[in-house]
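Asker: Read off the chains here:
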Amino acid sequence: MEGEVTKKLWAPILIGYFLFMVVVLVGLRAHWQGEDLSPEQPIAFSHTIHAGDLGLDCTHCHVYVSQSRTAGVPPLSICMKCHESAITDRPEVKKLTEYWETKEPVVWKKVHSLPWHVRFRHDRHIKADVDCTVCHGEIKAMDRVRQVRSLEMGWCVKCHRSKDAPTDCTTCHK
Amino acid sequence: MIGHVSLLPYLIFFMLFVYLSFTGILLVSLGLSLAFRILRQDGSRELLDLVTGDTKTWIFLGLLPIVSLVFLFGQYLYDAPLPIHQYLIMIAGMAMCSFVVIVIYRRIQQIAIGGLGFILLFASQFFLASTMSLLYYPEHWSFIKTPLPHIFSITVLTQFLSFLVLSALVTGAAILFFYFQWGERTLPEETPNRNVLKFLAIGHVLGPTLILPVVIILQFFMVPRVAVSDDFFASGVLTLLSLLVISLLSLSMILKNHVRYAAAVFICTLITVGLFVFSLSALQATANREHSLLLATTAQRAQNELTAIQEARYTTTLPVDENLGEKIYNERCNACHRFDSVLIGPAYNEVLAKYKDDLAGLIDFIRNPNKVNPAFPVMPNQGLSLRDCRAIAAHLMKVFSETADGGGSD
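Protein chains in written order, with our numbering: chain A, 1 to 174; chain B, 1 to 410.
Where hints are given, some of them may not hold.
[Unchecked claim] Derived DSS-like pairs (lysine-lysine); straight-line CA-CA distance at most 25 Å:
no.: 1; chain 1: A; residue 1: Lys127; chain 2: A; residue 2: Lys163
no.: 2; chain 1: A; residue 1: Lys109; chain 2: A; residue 2: Lys95
no.: 3; chain 1: B; residue 1: Lys371; chain 2: A; residue 2: Lys127
no.: 4; chain 1: A; residue 1: Lys81; chain 2: A; residue 2: Lys103
no.: 5; chain 1: B; residue 1: Lys356; chain 2: B; residue 2: Lys371
no.: 6; chain 1: A; residue 1: Lys81; chain 2: B; residue 2: Lys371
no.: 7; chain 1: A; residue 1: Lys127; chain 2: A; residue 2: Lys158
no.: 8; chain 1: A; residue 1: Lys163; chain 2: B; residue 2: Lys145
no.: 9; chain 1: B; residue 1: Lys256; chain 2: A; residue 2: Lys7
no.: 10; chain 1: A; residue 1: Lys95; chain 2: A; residue 2: Lys110
no.: 11; chain 1: B; residue 1: Lys327; chain 2: B; residue 2: Lys398
no.: 12; chain 1: B; residue 1: Lys371; chain 2: B; residue 2: Lys354
no.: 13; chain 1: A; residue 1: Lys110; chain 2: A; residue 2: Lys127
no.: 14; chain 1: A; residue 1: Lys95; chain 2: A; residue 2: Lys81
no.: 15; chain 1: B; residue 1: Lys354; chain 2: B; residue 2: Lys327
no.: 16; chain 1: A; residue 1: Lys158; chain 2: A; residue 2: Lys174
no.: 17; chain 1: B; residue 1: Lys145; chain 2: A; residue 2: Lys158
no.: 18; chain 1: A; residue 1: Lys8; chain 2: B; residue 2: Lys256
Just so you know, the hints here were simulated from the structure itself, not pulled from any lab data.
Please read all numbers here as calculations on a predicted model, not as lab measurements.
Based on the sequences and whatever the hints tell you, model everything.
Answerer: So this is what it looks like as structure tokens:
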């Protein structure tokens with residue numbers, strides 16, 4: 001009799017075990033969803049068109065990258081320099097013009113974030129001739145920008161070592 | 001994306017699926033066969049015969065997939081800073097040696113030979129797991145001087161563990177199916193050790209189905225975040241569900257002491273292996289997306305250059321289409337340029353003078369613009385064909401000379 005009861009218990013135990021694992025997996029997914037690597041932007045700006053097809057330099061729009069800590073999201077005036085007259089009929093460009101005319105800032109979503117205790121300077125890396133693609137990947141082949149590097153410390157240190165850059169803790173940490 | 005590059009992931013998936021299933025069964029059944037022989041139990045030969053039946057099996061399930069994988073990855077990661085095809089050639093060599101040794105073991109049934117085959121196959125599987133793991137970390141490729149320090153990382157061990165568990169699962173299911181349900185090879189009732197084999201098989205199914213979920217979760221923690229995609233998660237969840245079905249079927253076979261579900265278990269196991277390999281492919285495809293994009297762009301550029309050369313050969317002799325030039329002018333150039341005033345680009349009347357006797361130079365510039373005047377942004381490449389460029393250059397020079405002449409006469 002007792003054996004019979006145990007026999008009947010096995011199947012629910014198995015189902016419970018697997019469902020638990022499914023829940024863990026879905027939970028992990030939900031947890032990771034929070035840090036979206038490729039967020040949808042308020043204007044579907046395409047790097048494929050601008051940097052890829054048209055062949056514009058990164059610094060054409062990201063003008064501060066060689067002079068400041070951040071590369072800087074380009075001000076709308078840079079977009080409008082061309083789009084005031086060029087290709088004004090596309091819906092995304094119309095959106096842009098609307099922002100420009102109503103003097104509303106475009107709230108772009110940040111894609112590449114570093115923890116607060118890391119201080120990274122774009123200008124130093126540009127001056128050391130590090131190509132943008134080393135950290136950002138082939139942006140000019142991306143319609144929507146996606147983070148393709150882990151930006152983890154081990155990876156930074158590997159590159160610093162290979163290029164004889166300082167690996168002192170205070171070089172990158174506050 | 002260029003045709004054949006986008007086909008590669010599917011082929012890689014298929015070849016990995018066949019290869020991992022075959023070598024999995026080969027590895028575990030060889031191990032079991034050796035164990036039976038050492039323990040002087042009957043059934044050693046049957047275990048090995050499971051998948052090593054004839055030459056065709058070896059060629060289509062073992063040799064062909066691994067050699068294809070070498071070529072497929074050689075194509076897929078062409079020009080990558082990691083010589084992945086060299087590692088795969090080494091793995092393929094090792095696997096082939098092990099195949100030869102196992103064939104010899106089948107003939108002469110000596111434990112030492114079988115042991116050597118087992119070690120070779122085991123090592124080649126381990127290196128395959130470590131090579132697969134390297135694929136998930138493209139950002140580290142350029143720093144890898146020798147792959148040796150990377151083959152014992154925790155990611156590699158998890159990956160290899162998943163290969164082993166999967167191998168045990170598929171072997172158990174294969175023994176159940178081939179020896180207990182499939183007409184041709186069913187073991188007769190009086191076979192010695194028939195029951196031992198049966199419970200061994202069911203054990204090899206049930207054990208791995210319970211361990212694999214833990215390994216899958218572990219793997220989710222190990223793999224780099226930038227390689228994770230929705231496909232990877234979805235195939236993980238589906239793998240778990242298919243494992244649940246397998247475990248319930250094999251539980252029923254143990255409790256009620258029958259083998260009626262052997263075929264169902266075998267099919268579900270193959271689906272599980274397929275889903276698992278799909279999750280690996282998804283991981284690898286996401287991690288290496290940037291490289292395949294680069295490859296596609298490079299191929300596209302090469303193709304464009306080729307077309308340009310061919311075009312140049314044919315179009316330079318054709319008459320220039322004047323209407324075409326005017327049409328393109330109104331569609332494109334007009335957006336940034338005027339003849340008499342500065343807009344986004346400079347005024348034509350100021351810049352065209354230098355091309356007056358150099359039409360070819362103007363055509364070259366339109367085809368491939370470079371920065372001339374720092375006061376203006378560099379002109380974007382319009383992606384025009386040589387025919388278009390000749391037409392537009394002729395149109396520009398025509399209007400320019402007309403206006404310049406007009407201005408002169410005034």
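Asker: Between Lys81/A and Lys103/A, is the straight-line Cα distance small enough, at 25 Å or below?
Answerer: Distance of about 15 Å is within 25 Å: holds.
Asker: Straight-line Cα separation of Lys81/A and Lys371/B no greater than 25 Å?
Answerer: Between Lys81/A and Lys371/B the Cα gap is close to 17 Å, so the pair holds against 25 Å.
Asker: Check the hint pairing Lys95/A with Lys110/A against an upper bound of 25 Å on the C-alpha distance.
Answerer: holds (20 Å)
Asker: Assess, step by step, whether the Cα of Lys95/A is no farther than 25 Å from the Cα of Lys81/A, and give holds or violated.
Answerer: Satisfied, since the Cα-Cα distance of roughly 15 Å is no more than 25 Å.
Asker: Mind checking the alpha carbons of Lys8/A and Lys256/B for me, to see if they're no more than 25 Å apart?
Answerer: holds (12 Å)
Asker: Given the hinted pair Lys371/B and Lys127/A, is their alpha-carbon gap at most 25 Å?
Answerer: holds (21 Å)
Asker: Could you grab the alpha-carbon distance between Lys327/B and Lys398/B and see if it respects the 25 Å cut-off?
Answerer: holds (14 Å)
Asker: Has the given pair, Lys371/B with Lys354/B, been kept, meaning a C-alpha gap of at most 25 Å?
Answerer: Distance of about 15 Å is within 25 Å: holds.
Asker: So if I understand the rule, the pair passes when the alpha-carbon distance is 25 Å or less; does Lys127/A with Lys163/A pass?
Answerer: Holds. Lys127/A to Lys163/A sits at ~13 Å (cutoff 25 Å).
Asker: For the pair supplied as a hint, Lys110/A and Lys127/A, is the alpha-carbon distance within the 25 Å limit?
Answerer: Answer holds: Lys110/A to Lys127/A is near 24 Å, not above 25 Å.
Asker: Compare the distance between the alpha carbons of Lys256/B and Lys7/A with 25 Å, and conclude whether the hinted pair is satisfied.
Answerer: It holds: about 10 Å lies between the C-alpha atoms, which stays within 25 Å.
Asker: Can you confirm whether the C-alpha distance between Lys163/A and Lys145/B stays at or below 25 Å?
Answerer: Judged against 25 Å, a Cα distance of about 14 Å means the pair holds.
Hint compliance for this structure: every hint is met.
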